[in-house]
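Enquirer: The listed protein sequences correspond, in order, to chains G and A. Going letter by letter, the first sequence gives residues 217 to 697 in my numbering. Going letter by letter, the second sequence gives residues 5 to 481 in my numbering.
Label-pair distances were calculated between CB atoms; the ranges are:
no., chain 1, residue 1, chain 2, residue 2, range
1, A, 137, G, 583, 41 to 49 Å
2, A, 42, G, 624, 41 to 49 Å
3, G, 598, A, 141, 45 to 53 Å
4, G, 544, A, 86, 17 to 25 Å
5, A, 87, G, 454, 41 to 49 Å
6, A, 86, G, 457, 45 to 53 Å
7, A, 261, G, 309, 41 to 49 Å
8, A, 137, G, 628, 44 to 52 Å
9, G, 598, A, 86, 32 to 40 Å
In silico lysine-lysine, BS3-like type, Cα no more than 27 Å apart, as pairs:
no., chain 1, residue 1, chain 2, residue 2
10, A, 105, G, 591
11, G, 555, A, 133
12, A, 79, G, 670
13, A, 79, G, 591
Please keep in mind that the hints were generated in silico from the structure rather than gathered at the bench. Think of the CB as a built atom: it goes at the ideal place given N, C-alpha and C, for glycine as much as any other residue.
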Amino acid sequence: MELNTQAAHQLSNLLKEGQINSQDIVDALYRRIKATESRVCAYVRLKDTSLPKLGYPQDGVLSGIPVAIKDNICTEGLVTQCCSRILEGFRPPYDATVIRKLKKEGAVILTPKTNMDEFAFGSSTENSFFGPTHNPWDLRCVPGGSSGGSAAAVAADEAILALGSDTGGSIRQPAAFCGVVGMKPTYGRVSRYGLIAFASSLDQIGPFAKDVEDAALLMNVISGYDSNDSTSVNVSVPDYSMSLTNDVKGIKIGIPKEYFIEGMDPEVKKIVQEAIDKLKQFGAEYREVSLPHTEYAVPVYYIIATAEASSNLARFDGVQYGLRTLANSPSGQLMEMYKKTRGDGFGAEAKRRIMLGTFVLSHGYYDAYYLRALKVRTLIKQDFDKVFADFDCIITPTTPTPAFKIGEKVKDPLKMYLSDVYTISANLAGIPAISIPCGFTKQGLPVGLQILAKPFAEEMLFRVAYTYEQNTNWHTAKPKV
Amino acid sequence: MEYDVVIGLEVHLQLATRTKAFCSCSTVFGNAPNSQVCPVCLGFPGSLPVLNETALDYAIKVGLVLDCIIQEQTKFDRKNYFYPDLPKNYQISQYDLPLAKNGYLDIISENKTRRIGIRRVHLEEDAGKLIHRQNNSVVDFNRCGIALLEIVSEPDIKSPQEAYEYLTELKSILGYLEVSDCDMEKGSLRCDANVSLKEKGAGELGVKSELKNMNSFRAVKEALSFEVQRQSALLTSGGKIIQETRLWDEKKSETSPMRSKEEAQDYRYFPEPDLPLFVISEDKIQKIRESIPELPKEKMQRFIKDYGLSEYEAKILTASKKDADFAQECLGSYPDKNKKILVNFLIGPVLSEANNKNCIVVALGIKPQDLLELLRFLQQEQISYLTAKIVLTEMINTKNSAVNIIASKNLIQVSDSAELDGRIKAVIGENPKSVEDYRSGKVNALMFLVGQVMKKTSGKANPKVVQEILKEKIKNA
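Extracted from the complex, chain A is given alone in its bound form (with noise of 0.2 Å):
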């Protein structure tokens, strides 16, 4: 039996508002346990919540980014549940009439457009954090109250893939609009998903289980496909899929239940009687649609016709705002026209030390003025691609300039024949079997070659240079 997955995810993004949702408590992450607490966030007896305009307009921004209907009237209901991080045992949400609904993101996927259906975009507050300690629990309600956007997809993802992707494109936008930090690791960004096969083709959604516990979208992608396995083996051999919750475990790479359906709880909402409706005018709508900036899909599009980059390169050098920011004010100032060396170096040596540090590439603390000067030696083959890899190590290492690290380490690369003539014999010399198999035919053993010299001349020679007197000298010989 073939199988059709479908799947829907709720994301929930904490808003990087300056103070929390419905006090003026401040948000700010790591700081001492329940230093940032107030009568409104730890729901004292007669506290009343007061609405962060703020994050009515990051959460209108998200909606019409979502290309999403934003509702005339917005209204905030209470979810009613116990749990000791919850402090008013209610949490202030929305559930009829959310404030944006019905709208798309178009994903790339297998190289072909595909578009996702968004339900629902709602703001809501943050529960506080239970925190087990070996006799008893403990809670911190600093994130008590920050605003959360709930962000719920309709179920047209196909595949775990699919789902990454969505995650993907998703943060980028989101980090695009400067709402949210879209952190996994601090918790500001968080999936749940939804998963069910059906028979190939069939109309009607099988039974789903929710995937909860995720901390990156690798893992979401994981737990997805786990459960798509352990679905179709179930199904496969006769079984019955229930509907229930089920936990991530990232050390066992495996899900667990955690509750059926049958334990689900009743939330009894009920609209919020402690705020009011809220109108949101064409007006306001208008204003925030104008503060949007170009998203990364303009910006890609902008990147490859104003600097003839490939959609490849472009859609990396886009991926995060502050990134992309970077990449144009580098693009922007490169003197050729041809940016060939310097979006190879971008994503290929300057990339790596990002993803090496685990963060973007501006935070790696480098100007686009001094990458460029470095490249200024690459350009100008003052140096080799592998003396600059090294460099840009350096700088990032001491904060010191490419000039001064060329100029004390003496890096500059030799390309003076006369200089690199007595090696490029010696290697000749030592290596009578390459230049054999050079001879025969064997390109590779040239390189070879190559690579020998650059070691006795510690990396200084010019690469271009040495092969051409290596050939010159081998055909001579």
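Extracted from the complex, chain G is given alone in its bound form (with noise of 0.2 Å):
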């Protein structure tokens, strides 16, 4: 049995019973990474990095589990550069929350970081400085995004555990092509500190596990409200592993007529309707339901997200930290110097987005644009509102297709921001969603099955994903990689 191919919490019960130590972990993962990310490229700067650091308290949730990080959230002197060239080099002074609270508990910071688009600004992970990551189920395709490099870790088992974060979808949609559990949490349910934002009204840092109840392992490690966050919130926070009952009877699970349309890929279309009944079977109810306003959604966080980058993005300017591209002529330095590094140090995702955001913020534009789309924001919230008041879910496909091709959308933007539309709402919503394997294509490729619930509400994610998984073996199929 290889280590690194069992859950946390199995390793977990075997580090205490003294079997094995917390080093043989990530030997074992060490060992996969070598003969495997040369095909996955899940990680970044993987040769510049030192071992980590093991020793942190023995008596942790997480005590001795190794835990890959996005290349987006701080770690105290630990380069961490959203894969973009801007950030070269950038060691935080500080750790991040989430990061402070799983070495308080135990966890093995990995030093290598896991790929991403450059500032998550991507849907498959070939945004990154450091070119593509490969869907271990099919290395032609890509393993989503913009957390790929967690979901593929995860995946191919070069990793036990990853962070990611989720801004419109960057969990959900890559667990979803790489075949594992990926979690939102709701906003303000974990703390946004130390995570290099991007939207900051939708960003959320989630899990990413091999099972469901790692994630609700993780989940209790990373959540409750932090007085550096003033957008977390005060609610407090139950232990996730009591949800995890394998019973769904009379749970009432509400089906969004919008998001079946045609255009969907058949299969997929197939699968989830599968994996519905399943559920069904095992005691739940559905009905249709309807959520009026999906079809904006897409426009809508186009307009929020990349208005909030626009500003987000406005510090990386060669002044303080990172890239600096100096002047040619001393005539008119200081302008140059913030031209040429914000130049070279984007790629062309984040120029693209830094201009739309900078667009729909100008003079003239914001009504229109901007404060337009705060009030779709409220309608299709409310969208949600009135399902949740009459159901305890909403499920639905997590992508419309299953993985695509490297190189197959990197051209046509519109498309590839398409393949966020289911996910993209539950951030508008600021409500909690997972997203777990429900079946595979033909072609092999995995499926994933999207549960939403209002907000706190994550302990019914966790039931329904946990009973579901339960009764099916989905999650335990590994790719050959």
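Both chains come to you apart, so use the hints to assemble them.
Expert: Right, here's the structure in full:
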């Protein structure tokens, strides 16, 4: 039995029984990384990193368990650069709150960090300065994004657990493409302190895991109010392990008709329908519901997210940290330094979003774009409120298609944006959502089932997801890398 | 052509909170560059702001004192622009929901009360400080992130002098609230001015210019006066004013253009997503209202009523809170019902000592009791007014007590006529012309003679006694 293939809850037991130690797990992971990483490319800066520090508290929830971290979550003294050239060599002087919490519970922070679309701008991890990550199920395919590295690392058994961030589906979509569990918590459930912001009102950090139980374990550690994040919410955190009950009797599931439209992959549609039927078999009820403003989610998202991003990314200017490209001529040095640094430092998608965001906030356009988008965002949230008044959860496919080929959509940003069409609404509404494996296409690509619930009802997600997982074995399938 | 002057002022005030607006760094002035910084105020990636509640309380307090409407809900916005002193390249400020709005400040101008509207009061964060050196520029971020209050007046101010009065009154009130140092030299109070001219009596406003870089209230007044002259000359000669920002040059005493409206930036304001909406409860407002101390106007009225001061005297003595407290302690402990000697001494020698040292009275280091001790000598005519002034300076410089100084220098004045007799006779003998002048009705001549006697006694003679004896002797001679 290779330790790197095991779930954290299984490894925890072995650790407690004294059968293995933490170093054994790290060694197993590094052996695997050495064997497969040249094909998967889940991690970045692999060569330059030292061995992780062991020996944090022995009695923590995650003692001895290695966790892989997305490259946009600050780790003290360890390069964190959002897979962008502009943050070259940036070593944060502090740990993100989630990292602090992981360390406090004894987790081992892996030193290479996971690949991602630059600044989380993308749905395929192709927009990384370090090059794309490959889907372990089919190396010709993308792993999804932006947290493609974290998803692929867990799927390829190059990681036990991983953290990602989700602004419009960046955890759930790659989780679906890679056949692992990924959750976007309620906005405000997990502190954003130390997460390098993409769109502050949408970003949430969340877990990647090999099964639902591990996702709950990781959520137990990272959740909770943080006085350093004014948008984190002071609501007590339940023990999510307690919601891992194999029981969905009487649970009311809404199936939004707007998500099962023509043009979606028929195989995905069939597999998701089978999953819903399976839940019905165990006593859940389902009915078609409507989320009428769904069609506006993508345009609204690309206004709000780019507006916030254009401002959040303004700080990367070559003055204090990261890349600085000096001006050639002494005249107009400052302006030229700004322009050259940002011109050299940002990739094409980052530039595109900065320009979009700058445009929608500009004088004379603000009301027509940004303000209107905020209003529609409220309508989208109200759609969910109405459904959750009568239903415990909503189930949808996580993505309209399985993983697509590397290079297939890079030339067509709009097509790429539409791959997040099912995941974006949860970010706009601030509600929690989970993606779990629910089958494979004939080509052998994983399909994800998305479950959504009302704010702070992560327990409902875990309960439904766990029940489904206990009665299926999709999550135990392993890719041949 | 005659013009009406239209002025609006924007005051930026650093709040005297212990920590910065959105992080817990110290706000102490004058420490080594970049020694009071953290990931938040340096705008490091991943850091997030957390509002300093004291800054919010201070801002509400100022809003209340300026009779503003305090918004039930307030929010922060991002003001986006690139500059190396602004580490995030946006400033957290307030745009469409300022904390307080629609207030006023009453000022006295040419003996008339004038009500100046306050358009808005909002909270924002300060930027760092650029230091330009010969070959490069460096930034000190100690100041970056300190809570700033922006107080914007309506364009109700009608002259540079009124602008001066407005600033003086505002500073006085803010000083009483103890929410800021209000020190323009340290940059804790800054003022920009908008000024335009319009045809006398016309309704429509003229094109304005915005003046920056004034480092004192006097500079604000001078810059405005210059600008009024410049605009008026330009208009009279058929020229047109263009909307622009102009910098005041203290040395040249003139303004020069910095940037025109065409180059004006689009700040792309939008709601700060890292901070929630803040609800300001009626309860909170009430608590803050109760914490507002007696303000200069009220204190002035009380000084007039309780101590029989003139309005002029009361106004001077209540200009700063600390000095008003000092004056009050003196007035309360002063044994005579008639406070004339004390008040004259306070607004005379004491205040001029403070002015010379460019500080407030309290900073002279004299306690009210020490001052009263000195005044006791004056009251009992044991020393002259002149001597009292000398002793005061000595007290300030040496921190010695009045009793010790008077005793060690043997300054008790001579009132004994026998002792003065000889010197007075001598002075009469030496100044026959003045004696004649006095006889012929020139009162000043007598004062000259008194001065001569004072000189001969090294200022120790009691001038009243000298005067009496002189009159007597000249009459009988």
